[in-house]
Each structure stands twice: as structure tokens, then as C-alpha cells.
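Protein chains in written order, with the working numbering: chain A, 1 to 295; chain B, 1 to 295; chain C, 1 to 295; chain D, 1 to 295.
Don't read these hints as lab results, they were simulated from the structure. One thing to keep in mind: the hints can contain errors.
Any copy will do: because identical chains look the same in the list, a pair fits if it lies in one copy or spans two.
[As the list claims (entries may be wrong)] Here are the simulated DSBU-like pairs of lysine-lysine, each with C-alpha atoms no more than 35 Å apart in a straight line:
1) K210 <-> K29
2) K210 <-> K133
3) K210 <-> K44
4) K196 <-> K229
5) K50 <-> K133
6) K210 <-> K37
7) K242 <-> K37
8) K210 <-> K242
9) K223 <-> K242
10) K114 <-> K196
11) K44 <-> K229
12) K44 <-> K133
13) K114 <-> K29
14) K133 <-> K223
15) K114 <-> K242
16) K37 <-> K50
17) K242 <-> K196
18) K242 <-> K44
19) K133 <-> K114
20) K133 <-> K29
Chain by chain, the residues:
Number of protein chains: 4
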Amino acid sequence: MSETLGFIGLGNMGEAIAANLIQAGYALKVYNRTASKAEPLVAKGATEVKNPADVASPGGIVLTMVADDRAIEEIADAQGSFVERLGAGGIHVSFSTISPATASCLSINHARHKVAYVAAPVFGRPDAAAARKLWVCTSGPAAAKQRIRPVLEAISQGIFDFGEEPAAANIVKVCGNFMIASAIEALAEALTLAEKNGLARRDVAEFFGKTVFSCGLYQNYGKTIAEQKFEPAGFRLRLGMKDVDLAVQTAAASSMPMPFASLLHDRFVTSVARGRGNWDWTGIAVNSSEDAGLQ
Amino acid sequence: MSETLGFIGLGNMGEAIAANLIQAGYALKVYNRTASKAEPLVAKGATEVKNPADVASPGGIVLTMVADDRAIEEIADAQGSFVERLGAGGIHVSFSTISPATASCLSINHARHKVAYVAAPVFGRPDAAAARKLWVCTSGPAAAKQRIRPVLEAISQGIFDFGEEPAAANIVKVCGNFMIASAIEALAEALTLAEKNGLARRDVAEFFGKTVFSCGLYQNYGKTIAEQKFEPAGFRLRLGMKDVDLAVQTAAASSMPMPFASLLHDRFVTSVARGRGNWDWTGIAVNSSEDAGLQ
Amino acid sequence: MSETLGFIGLGNMGEAIAANLIQAGYALKVYNRTASKAEPLVAKGATEVKNPADVASPGGIVLTMVADDRAIEEIADAQGSFVERLGAGGIHVSFSTISPATASCLSINHARHKVAYVAAPVFGRPDAAAARKLWVCTSGPAAAKQRIRPVLEAISQGIFDFGEEPAAANIVKVCGNFMIASAIEALAEALTLAEKNGLARRDVAEFFGKTVFSCGLYQNYGKTIAEQKFEPAGFRLRLGMKDVDLAVQTAAASSMPMPFASLLHDRFVTSVARGRGNWDWTGIAVNSSEDAGLQ
Amino acid sequence: MSETLGFIGLGNMGEAIAANLIQAGYALKVYNRTASKAEPLVAKGATEVKNPADVASPGGIVLTMVADDRAIEEIADAQGSFVERLGAGGIHVSFSTISPATASCLSINHARHKVAYVAAPVFGRPDAAAARKLWVCTSGPAAAKQRIRPVLEAISQGIFDFGEEPAAANIVKVCGNFMIASAIEALAEALTLAEKNGLARRDVAEFFGKTVFSCGLYQNYGKTIAEQKFEPAGFRLRLGMKDVDLAVQTAAASSMPMPFASLLHDRFVTSVARGRGNWDWTGIAVNSSEDAGLQ
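Whole structure, please, built from the sequences with the hints as guidance.
Here it is as C-alpha cells:
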């Protein structure tokens with residue numbers, strides 16, 4: 001009864017979101033560069049296609065969750081792309097964390113094919129995605145957003161709209177990941193200070209999670225940083241670096257400095273230089289311990 | 001029925017705490033350098049004394065909430081001080097945010113007079129103090145902490161103990177205020193980035209307060225920083241600078257850098273240099289706006 | 001008798017260099033986007049051409065001094081470009097400060113046309129260029145460097161070679177401009193500290209220029225920063241920002257942080273945000289004064 | 001014929017200075033906490049005394065070169081100190097790098113005994129001291145400075161006066177050591193960037209020493225940082241940290257941030273935390289290599 005959706009990008013996040021759409025009754029055509037990733041969804045009823053453009057039906061909806069700006073540009077701007085296939089009345093819902101500048105370019109290019117571009121970056125890690133606990137920020141044409149609302153409701157616990165400007169939701173996403181990275185660094189420095197003064201890292205993290213910072217983010221990240229267990233990654237450090245760099249670059253393009261972001265950039269680069277690019281991004285906390293002579 | 005308590009330091013926080021103690025049935029002897037501050041408490045039944053030492057009874061309990069290290073040293077280490085007056089079996093409960101090093105010194109000096117020093121720094125602003133919504137961190141001798149437990153319960157919504165080491169609770173307090181200042185700076189940079197890109201500061205702050213950062217701190221501070229209304233001060237910027245500097249100094253004494261704290265130090269110093277020392281400490285957010293050419 | 005050289009890019013630096021080549025007896029074909037800039041050189045005997053490709057003769061030498069990576073890519077990589085016109089045996093001497101990555105790409109593209117790419121970034125401001133006091137760093141194919149040696153000698157006081165790797169000289173240039181910007185910031189902070197403590201900025205700058213930092217750079221920049229006279233620009237702040245950003249980006253691409261460069265990035269961005277992009281790049285010193293409440 | 005001078009503090013610098021005074025014909029009474037350090041000077045004719053106060057003669061001159069603020073306070077402010085012994089007409093020439101605040105206090109205390117306090121911090125490492133190549137900054141009462149001029153000429157290649165304000169010369173010294181530390185960090189980042197891109201550290205350092213930064217400081221420090229040979233120390237890292245912290249603290253007391261100094265503070269603290277406090281202060285360069293994953 002529900003319409004058929006196209007879905008491109010089946011990493012940890014993409015797969016969990018797609019599974020919830022199937023669960024909600026949508027028919028799905030899915031594509032992933034590494035085909036084997038599609039298997040669990042095919043087992044649940046999705047149809048796998050061999051070419052990203054094949055997920056699209058004229059006037060339909062395609063959802064994408066890919067790694068970065070270049071990945072989305074490659075599949076969206078190519079000749080014969082899913083955008084062309086969508087054509088008039090089609091909607092592209094872009095979940096990826098990309099630069100606001102790229103979002104604006106995509107929007108303009110889509111308009112040439114009469115396709116609406118809706119930015120819909122999400123907050124939440126893979127377990128939250130699986131539990132339909134994501135938060136979605138949206139921006140783009142109002143009519144398109146109204147049509148996709150049931151789709152977003154099927155995968156999230158809340159939808160927050162930021163208007164029609166295509167890049168707006170991406171700005172919010174960039175702000176959010178920057179703020180999370182700042183919280184990671186603050187926790188890292190604080191827990192190192194506590195440890196250097198004879199306190200148990202975990203006690204201090206738990207105290208803050210129960211009191212001043214009583215939200216899941218500080219509770220979960222505080223626990224990870226206290227225990228210093230950074231593998232396996234929930235969100236890879238290398239991708240976290242990309243997001244912090246989006247903040248630095250978006251800020252520079254907006255003529256403003258972001259000193260915390262500049263410092264976080266340095267933390268992430270050091271972490272990658274020391275071979276930790278595939279750790280969880282909370283792993284930048286190791287820098288504080290090393291600088292303190294602890295490791 | 002309850003015993004008589006001594007109380008020194010009736011600023012915004014001290015007065016609210018003292019009022020709750022009266023409310024809970026304690027008799028109070030109070031002292032403040034500026035005597036007029038004692039009036040509201042005297043109206044509620046407290047006895048005002050002219051000399052800080054006079055708040056103490058032999059073997060009793062004295063609570064202090066003063067501005068900084070120097071203030072507590074002046075009244076605690078002087079000849080004929082309230083500590084001497086307390087003598088054997090006495091307890092000094094120190095609410096102030098002071099350096100761990102000073103806490104350790106005080107503890108040793110108190111021991112000479114057989115007085116127990118209990119560090120009990122609190123988290124919460126004056127309105128939280130008035131509403132008995134403070135969180136208290138404690139460290140010090142176990143027996144003394146047990147005896148003062150009802151006193152702390154009368155002013156707080158939770159007590160968290162960090163052992164017998166006198167400075168431990170102060171370390172936690174220093175960590176906490178550093179983390180709060182980091183959250184302020186992160187919010188300031190993020191909301192400036194949002195504003196520079198055409199988003200409404202308040203929308204973005206509200207989004208984060210409802211989702212990723214759903215705790216009172218981000219909600220309240222986010223609102224203040226979004227609206228850029230930094231007067232009157234809930235917690236003065238000049239005092240916030242003192243607390244961030246405690247982090248930098250405690251870190252240096254522990255042989256570790258705290259790069260976020262170093263950067264925050266620079267933010268606070270700039271704010272004071274530009275005449276904002278009496279603003280609320282969220283006012284460091286103005287630096288981000290100014291650096292972006294917005295003000 | 002000397003061969004005819006092509007020259008593209010007649011800004012302050014390019015014009016001074018080109019004039020010295022004419023003075024040294026070279027025939028010059030010159031091109032500049034804004035044609036009027038060619039007039040003084042035409043008056044000295046240069047031939048102006050209407051198309052950048054027209055400066056080149058088969059197997060000849062073309063020298064370029066343009067603003068940034070994009071500018072050089074536009075004229076060098078276009079179809080029918082001067083590189084194609086040079087063809088086998090031709091040499092492109094690139095004076096511009098560009099990214100090492102772009103230098104490597106250019107070198108590869110040139111090789112397809114059998115043209116040697118020689119990176120030859122220079123140190124020195126327009127007055128030094130006019131006085132033949134530039135220092136040149138070179139990298140590229142040995143034979144090409146040997147052939148252009150007399151050309152470089154005609155415009156400089158010294159040539160330093162860094163091997164055959166095309167990007168090597170650009171790395172040195174990026175390092176150098178980063179170090180100069182660091183000296184500017186250090187001078188700015190030091191002279192502000194002196195001023196805040198009642199000393200005369202100029203006395204302190206002169207002292208260091210005569211003693212510990214007795215080189216032209218500290219003497220000249222120290223004087224400018226002491227006197228806070230940042231217009232007209234010798235080297236525009238906006239271009240200085242580009243160069244510091246080259247350091248940050250090259251460092252990130254090399255997996256290493258450069259914390260001083262990150263901080264300088266913030267200084268430059270703030271300066272541009274506050275409307276000082278066309279000042280001399282020593283003008284980032286104003287940030288120190290402003291942060292100190294002096295302006 | 002020359003008068004007898006008192007000299008306290010015979011570390012590397014003090015001993016070299018004292019030896020030059022003997023060489024110039026002065027009789028010297030010397031004191032050092034570790035008595036054995038006096039032996040080489042006694043062999044050259046100095047008289048060793050057992051108590052610091054014994055170096056002073058009524059109305060005479062005492063020179064001090066000690067480690068830090070506390071060291072000078074302990075010997076100058078004690079009862080029966082050399083200052084009291086000097087009495088009316090006496091002069092204390094203080095070579096040490098101390099805080100401007102301490103210099104002001106000393107000056108006031110000296111005045112009670114009618115002793116003139118002359119701040120005379122020096123620039124130069126022990127080999128420069130031995131070669132009479134120091135630069136001296138002075139501040140203090142004019143008459144006293146005139147009387148000690150021959151003494152300073154005997155140990156230096158230049159004397160620069162900064163007026164009568166006692167702390168002025170110390171401000172200059174603090175500025176200078178901050179600027180030198182900034183040059184060290186800039187060299188470290190630049191040479192690491194060069195190394196990561198395949199260039200020889202030494203080639204790059206030599207280039208800058210011969211061209212843009214053609215002064216002894218960049219030449220010598222550039223060589224050390226290129227070769228990464230940080231032991232034995234010419235100037236110990238731990239003392240360099242003290243000097244950078246003097247900059248941070250003096251700046252804070254003057255209501256201004258010094259972001260480069262804050263960052264240098266972090267570099268020094270990390271170095272000490274990792275066990276390098278006794279290396280030469282150029283050893284903070286190792287942080288750049290480590291952050292780049294090179295060591």
C-alpha cells in the first residue's frame with residue numbers, strides 16, 4: 001500500500017534506517033557500493049539493484065546515507081543519475097552529514113531536473129537508529145517535507161524543521177557534531193585531571209552524568225571516556241574529524257573563527273597521525289592522557 | 001532541638017543555603033563582612049555576630065561560603081579564629097570553590113586544633129540553592145561527614161562522596177566548572193555559526209536542549225546565550241575566570257595541560273579586559289560574536 | 001641576444017620582477033588579466049599580448065606570478081594554454097605561493113606536454129623584488145633549473161635548491177610564511193604586554209631588533225607593529241590568510257597538527273570578519289590590542 | 001683599585017658573569033647555596049663567604065643571579081639580609097628573570113633600607129655570558145644605574161635602559177623569552193611539516209637562517225631543532241616553562257590574553273609531564289614530532 005522508496009548507502013546507520021522503513025511497511029529498492037551489505041535487508045524483503053540510479057522511480061522518493069560530500073556528488077551529479085531518473089515531482093532525502101555548501105549546490109542541480117532536495121541529517125548512533133530513536137533536522141521545500149513526513153516518522157523519535165533554505169539543516173548538524181566533540185574533549189581533560197589527582201575516572205563521570213550533565217550523551221560518552229575503551233567504533237574517529245573540519249571550513253567560509261573547533265581539529269589530526277583513525281571518535285581523549293604522561 | 005550552626009559568608013549562595021537551614025529547624029549564628037547582608041536571615045530568626053569567630057561553639061559545626069582561597073584563609077588561619085573556637089570535635093564544612101592545594105593546607109591546619117575539615121562544594125546557581133536543588137560533593141573524615149549529613153540533606157537534592165582525601169571534592173568541583181565553561185564556549189561558537197548562516201539562534205539552542213543535550217544546563221545556558229542577555233549575573237564572569245584558572249593551575253601542578261581550559265582562560269581575560277567582569281559568566285559568548293564581526 | 005621570456009601576472013611582485021628581467025636584457029612578452037597593469041613594462045620595452053597563451057614560444061620559458069591555486073590552474077590547465085604552446089623543451093617557472101598538492105598536479109599535467117615545471121617561490125616584499133633582493137627556492141627537473149639559473153639570478157640575491165620533487169620548494173615557502181606570521185603574532189602579543197605595563201611599544205621593538213632578533217624581518221615588522229600603521233598593505237592580510245591556510249591544509253594532508261597555524265588561522269579569520277582583509281598582514285596584531293581592551 | 005662587589009648565585013650564567021668581573025679587575029665576594037660551585041672563581045681570586053649577607057659591604061654593590069622569584073625573596077627579604085647590610089647608598093643589581101610584580105615589591109622593600117634596586121635581566125646563554133656577549137636591559141634609579149654602568153659594560157656587548165620603573169626591564173625580559181619560545185615552536189612546527197613532506201630538516205633550517213631569519217637565534221635554535229639534540233641543556237626546559245608562565249601570569253595581571261603564550265604553556269607542561277624537564281627548552285619541539293606520529 002505504501003509507496004516504494006529508493007535507498008542508497010547501507011553502512012551501520014543506513015542499514016538500521018532502511019530496516020525500520022521495511023518494518024513500517026515500505027517497499028524498498030536498495031543499493032550499496034559493497035553489495036554484500038544489502039543481504040540482511042534483502043532477507044527482510046528489500047529489492048537490491050546493481051546501479052544506484054535503479055533505486056529511483058519517476059516522481060518517487062530516494063533516500064541517501066553516504067560517507068561524505070564527494071560520495072553524494074558522485075552518485076547525484078553523474079549523467080543518468082537517480083536524480084534524473086526521479087525527475088519532475090521526485091524527492092531526494094539526504095541523511096548524510098555534508099557541507100552546507102555542497103547541500104546548496106545539490107539543491108540547485110536537483111532543481112534542474114525538478115527534483116526537490118530535502119536535507120535531513122540525523123542525530124544518534126547506530127543503536128539509536130535501530131531503536132527508531134533518531135532525531136531528524138530538516139530543511140528544503142515545504143511540500144516535499146510534508147510528503148516525506150511519514151517516512152521520517154518511521155525512523156525517528158522527533159523531527160525538527162529549519163525552513164526552506166537547503167543548507168540550514170546541515171548547519172545545525174555541523175553545529176551539533178562540533179558541540180558533541182567539544183563535550184568529548186571537555187570530559188577527556190576533566191577526567192584526566194581527576195585521575196592525576198587520585199580520583200577514579202568512573203566515579204567522576206558518573207557524578208556528572210547524574211547531576212549537572214544528566215543527559216544520555218554525557219552519561220554514555222562519560223562512561224566510554226572513563227573506561228578508555230575506544231574499540232569497536234560507534235562512530236569512527238576519521239569521520240568525526242571530517243565533521244569537525246566541516247565546522248572549521250563552514251566557519252571560515254562564514255568569516256568567523258571557531259577556536260574550540262580549531263583545537264579539536266588538531267586533536268583529531270594527532271589521533272589519525274598516531275594510527276587511531278578507526279577508533280571511536282571518543283578516542284581523541286587519549287591525547288589528554290598522553291600529554292599528561294599517563295600512557 | 002537541632003543544634004546551633006555557625007555560618008560565614010552570606011552572598012547570593014550563602015544566604016539561600018542559610019535560609020534553608022533555618023527552614024529545616026536549625027538555629028544559626030551568622031556572620032558576613034558586609035553586615036547588612038545578614039538582615040533577611042536575622043528576620044527569619046538567625047543571630048548575627050560581629051566577629052567571624054563568634055559563630056563557633058566548642059565542638060560544634062561551622063559552615064563557610066566565601067569568595068576564594070584568600071578569603072577562607074584569612075578567617076580560618078587567623079589567631080583566635082573560628083577554627084580555634086571550635087576545637088576538639090568541631091567540624092568545618094567548606095562550601096566554597098577553592099583550590100585543592102588550599103583545601104589540603106586548611107585540613108592540616110584544622111587538624112592541629114582537632115577540627116575536622118569537610119570539603120563540600122556545591123553545584124547549582126542561587127535559584128537552585130533557594131529551591132534546595134543543589135548537588136553537594138563531599139570529601140573528608142568519615143565520622144564528620146556522617147554527623148553533618150542531615151545538614152547537607154536540608155540544602156540539597158543529592159550528596160556524592162569522594163572519600164577522605166580533603167582536596168578530592170574540590171577537584172570534582174574544579175572539573176565541573178571547567179566542563180560547564182566548555183559547554184558555554186561550545187554553545188557560543190555553535191550559535192554564532194548558526195547566526196552567520198541565517199538561522200535563528202534560539203531555534204538552534206532549543207533544538208539541542210530538547211534532543212542531544214536534554215539537560216537543564218544546556219537548556220538554560222543555551223537560552224541565555226541565544227538571547228545574549230548577560231545581565232544581571234547569576235554567576236559573575238570574574239568568578240568564573242577564577243574557577244577556570246583553578247583548573248589551569250591545578251592541571252599545571254599535576255603536570256598536565258588542559259588546552260580547552262587555556263583557551264577559556266584567554267576568553268575570560270579578554271572579557272574582563274573589555275569591561276564585562278560583572279556580567280554573567282555566559283557573557284564570554286560575546287567574544288565569539290565580536291570575532292565574527294557581529295557586534 | 002638573450003632569449004624572449006613570457007611573463008604572466010603583473011601584480012606588485014610580478015611587475016617588479018619583470019622590470020628586473022628587462023633591465024637584465026631579456027625581451028619580455030607579458031600578460032595580465034587587468035591589461036592596464038602592463039603599461040609601465042611596455043614603456044620599458046615589453047610586448048603586451050591579449051591572451052595568456054600568447055606569451056609562450058615553442059620550447060621557451062614562461063614565468064608566472066599569480067594570486068593562488070585556482071588562478072594558476074585556470075591558465076595552465078585550459079585547452080590551448082601556454083603550456084601546450086611551450087611544448088617539448090619548454091619550461092614553466094612558477095613563482096606563486098600555491099599548495100604543494102597543486103604544484104604536484106601541475107607538474108604531472110605539464111609532463112604530458114613535455115614541459116618542465118619548476119617551482120620557484122620567492123621570499124621578499126615588493127620593495128625587495130624591485131631591489132633584486134629576493135630569495136628564491138627552487139625544485140623541479142635539474143636540467144630545467146640549470147637553464148633558468150641566469151633568469152633567477154637577474155631577480156634575486158640568492159637561489160636555494162630543494163631537489164627534483166616538484167612540490168618541495170612550495171613546502172619551504174609555506175613553512176616560511178607560516179614562520180613569518182608566527183613572528184608577527186609573537187611581536188603583537190609581546191608589544192601589547194609591554195604597552196599594558198607602561199612601556200613604549202617602539203622602544204621594546206627596537207631593542208629586540210638590535211639584539212636577540214637582529215634581522216630585517218623583526219626590525220621592519222617590529223616597527224610596523226609598534227606603530228600600528230597597517231595601511232597601505234605591503235602584503236595583503238587576505239593573502240596572508242590564504243598562506244596560513246595552506247599550512248593548515250598541507251599539515252592536515254600530511255597527518256600532523258600545527259597548533260600555532262590553527263591559532264593564526266583564527267586570527268586572520270577574525271581580522272577579515274572585522275573588515276581588515278585589505279590591510280597589511282601585520283594587521284592581525286590589532287586582535288591582541290582589542291582583546292586587551294585597548295581599542 | 002676597583003671596588004669590591006658582592007655576587008650571589010653561581011649557576012652557569014652567574015659563574016660566567018662573575019668570572020668576567022674578576023677579569024675586568026673587580027674584587028669579588030661570592031656566595032652560592034651549593035658551596036662547591038664557588039671553587040673555580042676562588043681559584044681566580046674571588047673570596048667565598050658562608051652566608052649570603054656577607055657578600056655585602058655598607059654602601060656597596062651586590063649582584064644576584066638566582067633561579068626564581070622565591071629564591072631572590074628568601075635572600076633579599078630575610079632579617080639581616082645583604083640588603084640590610086648594604087644600607088644607605090647600596091645598590092642591588094638583580095640579573096634574574098623574575099616577575100615584574102616581585103621586582104616592584106623588592107624595590108619597595110629595598111627603599112626602606114635606602115638601597116637602590118636595579119633590575120638588569122640579561123639575554124644570552126652561558127657561552128654568550130662567557131664571551132661578554134650578553135645584552136642587558138636595565139630599569140631603576142638613574143644615579144644607581146650610572147654608578148653600575150662600568151660593571152655592566154664588563155659583562156655585556158650592550159646595555160639598554162627602560163627608565164626608572166623598577167619592573168620595566170623585567171617586562172622586557174618576559175617579552176623576550178616569550179618571543180624566543182614562540183620562535184622555537186614555529187621552527188618545530190615548520191620543520192616537522194618539512195620532514196613529513198620528504199624534505200631534510202637541516203636544509204630547511206639552514207635556508208631560513210641564511211635568508212629571512214638571518215640572526216643567531218634562528219640559526220642556532222634552527223640547527224638544534226633540526227638535529228633534535230636536546231641534551232645537554234643550555235637553558236633548561238623547566239626554567240623555560242617558568243618564563244613562559246611569567247608571561248601568562250603578567251598578561252593576566254594586566255588584563256590581556258596571550259594565546260601563543262597559553263599554547264606554549266601547554267607545550268611546556270606536556271614536556272615536563274613526559275619527563276623532559278631537564279632537557280634544553282628547545283626540546284618542546286618533540287611535541288610536534290610526536291603529534292605527527294613521528295616518534
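Checked hints:
In this homomeric assembly, K210 and K29 come within 35 Å of each other (Cα to Cα) only across copies, at 34 Å, whereas the closest approach inside a single copy is 44 Å. In this assembly of identical chains, K210 and K133 lie within 35 Å of each other by CA distance both inside one copy and across copies; the values are 21 Å within and 13 Å between. Taking CA atoms no more than 35 Å apart as the test, K210 paired with K44 passes between copies only; the shortest distance there is 33 Å, against 40 Å inside one copy. For a Cα distance limit of 35 Å, the shortest separation of K196 from K229 qualifies both inside one copy, at 19 Å, and across copies, at 30 Å.
In the homo-oligomer, the alpha carbons of K50 and K133 lie at most 35 Å apart inside one protomer (30 Å), although the nearest pairing across protomers, at 59 Å, exceeds that limit. For the identical chains of this complex, K210 and K37 are inter-copy neighbours only, at 34 Å across copies versus 39 Å inside a copy, given an alpha-carbon limit of 35 Å. Taking the closest pair of Cα atoms, K242 and K37 come within 35 Å of each other only inside a single copy of the chain (23 Å); across copies the shortest separation is 42 Å, beyond that limit. With identical chains, the CA atoms of K210 and K242 are at most 35 Å apart both within one copy (31 Å) and between copies (25 Å).
Both within a single protomer and between protomers do K223 and K242 lie at most 35 Å apart by alpha-carbon distance, with minima of 24 Å and 28 Å respectively. Taking the shortest alpha-carbon separations for K114 and K196, only the inter-copy value of 29 Å comes in at or below 35 Å, while the best intra-copy value is 60 Å. Taking CA atoms no more than 35 Å apart as the test, K44 paired with K229 passes inside one copy only; the shortest distance there is 33 Å, against 53 Å between copies. In this assembly of identical chains, the alpha carbons of K44 and K133 lie at most 35 Å apart only when taken from the same copy (21 Å versus 50 Å across copies).
Taking the shortest Cα distances, K114 and K29 sit within 35 Å of each other inside one copy (22 Å), while across copies they are farther apart (49 Å). Both within a single protomer and between protomers do K133 and K223 lie at most 35 Å apart by alpha-carbon distance, with minima of 20 Å and 25 Å respectively. For a Cα distance limit of 35 Å, the shortest separation of K114 from K242 inside one copy, 31 Å, qualifies, whereas the shortest one across copies, 38 Å, does not. Taking the shortest Cα distances, K37 and K50 sit within 35 Å of each other inside one copy (13 Å), while across copies they are farther apart (57 Å).
Within a single copy, K242 and K196 get their C-alpha atoms as close as 31 Å, and across copies as close as 21 Å, so both meet the 35 Å cut-off. Proximity of K242 and K44 under a CA criterion of 35 Å is satisfied intra-copy only: 33 Å inside one chain copy versus 52 Å between copies. In this assembly of identical chains, K133 and K114 lie within 35 Å of each other by CA distance solely inside one copy; the values are 32 Å within and 56 Å between copies. In this assembly of identical chains, K133 and K29 lie within 35 Å of each other by CA distance solely inside one copy; the values are 23 Å within and 53 Å between copies.
Going down the numbered hints, you'll see the structure goes against none, and every one checks out.
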